[in-house]
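K.L.:
In case you want the letters, here they are:
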Amino acid sequence: KAGVTQTPRYLIKTRGQQVTLSCSPISGHRSVSWYQQTPGQGLQFLFEYFSETQRNKGNFPGRFSGRQFSNSRSEMNVSTLELGDSALYLCATRGGPGTDTQYFGPGTRLTVL
Amino acid sequence: ILNVEQSPQSLHVQEGDSTNFTCSFPSSNFYALHWYRWETAKSPEALFVMTLNGDEKKKGRISATLNTKEGYSYLYIKGSQPEDSATYLCAFTSGTYKYIFGTGTRLKVLA
Numbered sequence: 018k019a020g021v022t023q024t025p026r027y028l029i030k031t032r033g034q035q036v037t038l039s040c041s042p043i044s045g046h047r048s049v050s051w052y053q054q055t056p057g058q059g060l061q062f063l064f065e066y067f068s069e070t071q072r073n074k075g076n077f078p079g080r081f082s083g084r085q086f087s088n089s090r091s092e093m094n095v096s097t098l099e100l101g102d103s104a105l106y107l108c109a110t111r112g113g114p115g116t117d118t119q120y121f122g123p124g125t126r127l128t129v130l
Numbered sequence: 370i371l372n373v374e375q376s377p378q379s380l381h382v383q384e385g386d387s388t389n390f391t392c393s394f395p396s397s398n399f400y401a402l403h404w405y406r407w408e409t410a411k412s413p414e415a416l417f418v419m420t421l422n423g424d425e426k427k428k429g430r431i432s433a434t435l436n437t438k439e440g441y442s443y444l445y446i447k448g449s450q451p452e453d454s455a456t457y458l459c460a461f462t463s464g465t466y467k468y469i470f471g472t473g474t475r476l477k478v479l480a
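From first to last, the protein sequence lines stand for chains A and B.
If you read the first sequence in this note's numbering, its first letter stands for residue 18, the second for the next number, and so on.
If you read the second sequence in this note's numbering, its first letter stands for residue 370, the second for the next number, and so on.
In short, the hints are calculated from the structure, not lab data.
For glycine and all other residues, C-beta sits at the position ideal for the given N, C-alpha and C.
Honestly, I wouldn't trust all of these hints.
Output of the computed footprint for chain B on chain A, the stretches with three or more beta carbons under 8 Å from beta carbons of chain B [unchecked claim]: (1) 50–60; (2) 64–78; (3) 122–128.
Bound conformation, chain A alone:
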């Protein structure tokens, strides 16, 4: 079974630009969550999508948005990039809610100059 894939793996942008990251879940997984990790911080939850609907949302500004397609693939968009958005962005997928284990992708390393 193929794992979670994320593209691109690395990205360099400048302040004010926008960026779109993609996550393809394990086949059959309908839940996709996005996390941001910065040095010294734990994984900060951005949002979760399930069956094309946002089910949960973290405490991030509206510049961070996402969506999920009918094939469960998800995209995350960050508009008007700031230096502080430089981070590792991970997505994690699972088959169902609650106790099911999340499986993580390799992440996208975003650098904002």
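Given chain A, put chain B in place with the hints provided.
P.N.:
Showing chain B alone in chain A's frame:
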């Protein structure tokens, strides 16, 4: 705001030592507690999911216990090996199914 705390932040042990870390989480509205291992340049890998008070899980030399009434979980590694070097994360889920991660314990096992 729900908070998950892990201690210590980092740990250096000698090969062959046994070690343990702590994860503290809210004791109300508990649904599950997850442990992950995150090696450098890899994705976080799930170790355990625990749901019941008193749960104990074991995977090789690694084991974990859960106390939902007082809101803590311990992760134990017996006879640490260099390949155990990683960051160990715990995550708490409540009834909303949102995962709240701790900042992790960074373990370095010296050969």
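K.L.:
Against this structure, judge whether each hint is valid.
P.N.:
Quick rundown of the hints versus the structure:
| no. | hint | result |
| --- | --- | --- |
| 1 | 50–60 | holds (count 6) |
| 2 | 64–78 | holds (count 4) |
| 3 | 122–128 | holds (count 3) |
The structure shown violates none of the earlier numbered hints.
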